[in-house]
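J.: The primary structure of each chain is shown beneath.
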Amino acid sequence: MESDGIALKWRRIPNRYRLVGSHCENCGADFFPPRKICPNCGRKTKMVEKTFSGYGKIYSFTVVRTPPEEHKENAPYVLAIVQLDEGPKLTAQIIKSNNKEIKIGSRVKLAFRRITEDGKEGLIHYGYKFQIID
Amino acid sequence: MNKMRRVAIVGVGMSKFGELWDKSFREIIAEAGLMALEDANMESKDIQALYGATMASGKLIGQEHIAPLIADQMGFKNIPATRVENACASGGTALREAYLAVASGAFDIVAVGGVEKMTDVSTSSATTALGGAGDQEWELFQGATFPALYALMARRHMHEFGTTEEQLAMVAVKNHENAYKNKFAQFHNLITIDDVLNSKLVADPLKLLDCSPITDGAAVAILAPLEIAKKYNDAPVEIVASAQASDRVALHDRETLTSLKATQIAAKEAYKQAKLEPKDIQVCEVHDCFTIAEILAIEDLGFFKKGEGGKATEEGQTKIGGKVAINTSGGLKGCGHPVGATGIKQAVEITWQLRGEAEGRNTNAEIGMTHNVGGSGATAVVHIFKRV
Amino acid sequence: MASIVGYGFYIPKLRIKIEEIARVWGEDPEQIKDSLGVEEKSVPEIDEDAATMAVEAARNAINFSEVDPKKIGAIFVGSESHPYAVKPTASIVAEAVGAVPNSTAVDMEFACKAGTTAIQACMAMVDSGMIEYGLAIGSDVAQSKPGDALDYTSGAGACAFIIGKEGIADIKATASYTTDTPDFWRKQGASFPSHGGRFTGEPAYFKHIVGASQIIFQKTKLQPKDFDFAVFHQPNAKFPARVAKILGFSEEQINQSLVVKKIGNTYSASSMLGLASVLEIAEPNQRIFVTSFGSGAGSDSFVIETNERIKTKKRGMLKKMLEEKEYVDYAIYLKNKRVLKSE
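Residue numbers (the working numbering), protein chains in the order written: chain A, 1 to 134; chain B, 1 to 388; chain C, 1 to 343.
Treat the hints as calculated values from the structure; they're not laboratory data.
Note that this is a predicted model, so its numbers are computed, not measured.
Even for Gly, the Cβ is constructed at its ideal location relative to N, Cα and C.
Wrong hints could be hidden among the right ones.
Said to hold, decoys possible - Quick list of in silico lysine-lysine cross-link-like pairs, BS3-like style, CA-CA up to 25 Å:
#, chain 1, residue 1, chain 2, residue 2
1, C, 335, C, 145
2, A, 57, C, 320
3, C, 319, C, 262
4, C, 71, C, 33
5, A, 109, C, 320
6, C, 341, C, 319
7, C, 225, A, 103
8, C, 341, A, 96
9, C, 335, A, 72
10, C, 319, A, 100
11, B, 200, A, 57
12, C, 13, A, 100
13, A, 109, C, 13
14, A, 109, C, 319
15, B, 305, B, 279
16, A, 120, C, 70
17, C, 341, A, 72
18, B, 311, A, 72
19, A, 120, C, 238
20, A, 100, C, 262
21, A, 103, B, 200
22, C, 145, A, 100
23, C, 335, C, 13
24, A, 72, B, 305
25, C, 70, A, 9
26, C, 320, A, 96
27, C, 325, A, 109
Unchecked claim - Covered, in the sense of this in silico footprint (three residues per stretch, anywhere, with C-beta under 8 Å from a C-beta of chain B), are these stretches of chain A:
#, region
28, 55-64
29, 104-116
Pulled out of the complex, with its shape left as it was, chain A reads as follows (with noise of 0.2 Å):
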C-alpha cells in the first residue's frame, strides 16, 4: 500500500540522525538545519557539510503535557532549545534522566531515539534527543 510523506522524512535522515548541517566558507557561519543561501551572504554564500559533534548546552526548556497525537506515548517529555558547541540552536527533547536536573545551562549530548511512527504499519522516523551528562 502507498504511504504518505516518506521522501519529505527520508531526505532529512542525515541531518536527523548524524547532525549534518552546513557551513559557510565566505563568512564562516554554521547552521543547523543546512541550507541553501547564507543570510548574511546572499548571492556570495559558498555553503558545504558540516557534522556537528553533538554536544551543546540547555537554552531554555519546558515540559510538554498536552503533546499532538503521534507524540503522545512519550509524554510528558521536556521539550528543549539546545545550543550546540559550535553555536547554532535547535529544538529536541531531553531524554527521561534519573535525578539528574534540568537547568537553562546543562550540558547535553546527542542521543538517538524514535521520534514518531506512522501508525501501526507505518514507518519509524528515528532522530535525535539529547541526553543530559554531568
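Once you have looked at the hints, place chains B and C on chain A.
T.: Leaving out everything else, chains B and C in the frame of chain A:
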C-alpha cells in the same frame, strides 16, 4: 508613503466569538459582513475588492479558495477576492493589504474579512492545524506545540528578568475582566490569580488559563479613502500607520527568546509613519495568544522597558485607566482567538474605542494601536489608528 | 588475524525488580531470585528499541576505538526484536554512524547468538581482506509473555564489537555447533515467544555449548585451566555456572561476566555483554573463553587473547551504566515494552 492616500475605516462588524455549534464558516462571516455594511451605510455592490483572512480552512473545514467564497457569501459580485495567510497574523496582514489597496489608489472601497471555524474538528486536530504556524521539520516533528514554544520564551524571560508565574497570571485575570464587559467575547467569567496558578499545566510553566482558547468567529472592516469617509460614517477612524515585519520561523533561530524582533521592527516603522511615540498610544490590542506573549508585546511595542512587562502588569499599568489600556476586548485570552479573525477583530475593537462605542469598557482614547503576530513571532503586523 | 579493535555497549537506565513482577503474578520473589540468581532487569524507555540501542552501542564502540566510520565495510545487527520484519536495522545503524554508502549490511537472527555469529562474519571478511573493519552488534528488547517464567529475566541492551586487525584483543580461534533443536521460538506475527520449559536445558543450552566448546578444546589443544576468564550465554545466573562446572571452569573464572544478575537476559547482547564486562577489567595477555548459545539451536565459541594495546584505552563505562538506574513498576514496564496497547 508620500504618494499614498490617507485611509479610514468606515464600517466594522463581528460575530460573537465562541463555540458556535449552530453556525458554519459561511454564516459567521456573512453575519460579521452584514454588521459592517450596516455600520458603513453601504450596499454589497459598493465593495470593490475583498481580502479574506483564514489560517487553516483547508485542515479545519476542508475548504481552500475561501476568498471568493467569502465575497459571494457577503453578496459581492465578481470583485477581486484574495486570501491572505500569515498564520495567526492573517487578519492583520489582510488589513494591511486592504489598506495598501486603498492607499495606493487601486481601489476606493475595500472590505477585509477574517474568519476561522475551529470547532468542526476535534481539539486534537485543531491543535495540529495551528501547529502549521511553526517549523514543521525542525520544531513540530520534534514534538513542539505552540504552548511549548511560548513556554520556552516564558522560561527565558523568567531566567533573564525574574518575571514570575503570578505576573503571567495577572495578564489572564485582567483580560477576563475586560472580556466580561464585552458582549462579543467568548468568556464572561471572572478568574483569580489562584485560578490561573491552579489550572492544569500544559507546558511548564504555562497552564491552561495562560493559553488562549479554540474559538469560532469572524470580523470585518470596510476601508475607504479618508477624503470621502464621512459620506459613509460620521465617525471614521483613520489608519495612520501600517507596518509589518518577518523573522525566522523556528523559535530556535531567533536572536533572542525574550523579544519578538518582528514586533520591534514593525512598531518602530509604525511610530515613524504616524510620527508618534509609544507614550502617545492610549489603547492597544496586543497578541496575547499566551500570557507571556502579552508581556513580550508591551515591552516590544515600547510601552515598558524590556524585562519590566511583568512588573507593569502587576502594577495595573495595563488595565483600563492605567498608563495604556491593553486588550480592552479581552484579548485573545478573554475574547477568544478564531485565528484568521483576530487581527481584524483587534481593528474593530480599536475602532469602537476611538468612537466611544465599546460599551462598558470605553477608554475615551483618541489614538489606538493593534499588534498581530504569526506563529511564535515570524510575522508581526502593527497598525496605528486615530480618531478623525 | 582478526582482532577486537573496540567495543561499546548500551544498557537502558530503567530497571524492574523481581519483587515487583512477582507481586503482580502472586509468586514468591525470594524463591524466584534464588532459582534464577537474578535480582532485577533492565527496561527500555518507550522511545527506545533494538535499533536505537544498537546505534548507541555502535557509537560507543567507534568512540572507544577511534576508527573512522567510513572505513567500516560491513555492519551486522543480530536481534530477535528488530523493529521491522522487513527493513534492516543494520542500514539504520550504518546511516546513524556514518558508515555509508560504501559498505555492506545485513540483519541476523539466531535467537541469543545472532550477535556472536555477526562477529564470526566480520572475522572472515577482515581475514580475507574484503573489509578493513566490521561492526558486529547484538541488540534486543528481550521479549516474553507477561506472567511466563521468562518475564522475570527478559532484559534490554546492546553490545557492539568492531573487528579489524591489530586491536586490543585477538580472536585466536572460533568454532560453532548447530542443530535443528526447537527449544524456544516465535512465529511470524506472534506477539510473544514460546518455549519448551525444561527442554531448553539439557538438549538445548547445555548440549550446544558443550558441543562448541569441545570443538575449540580439540582445535586449540587448550583446557579450561589455560583461561583467565570464561563467558557463557546468560539466560539466568545458574545455567552459566552449571555449564562452567560441566566443562571444568571455576566460579572465579565466570564471575566477572555475569551481568545477568543486574540486567537480566539481553538475548542477542547477552554473551557479548559478558565478554565486554571481562574486557573492561582484563589485563594484557590474558586469555578469555566465550561460548554463546542461540535457541533453535546453536553455539559459537571463541578463544580471545588480550594484548598490550588494551591498556591504552579508556575503560570503565560499563560499571557506570550498570550503576545509573531508576526503578519502574510493572505497568510502566509493559507500556515501555509496547505490550500495553491502546489500539
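J.: Looking back at the hints listed earlier, which ones does the structure fail to meet?
T.: 4, 6, 7, 11, 16, 18, 19, 22, 24
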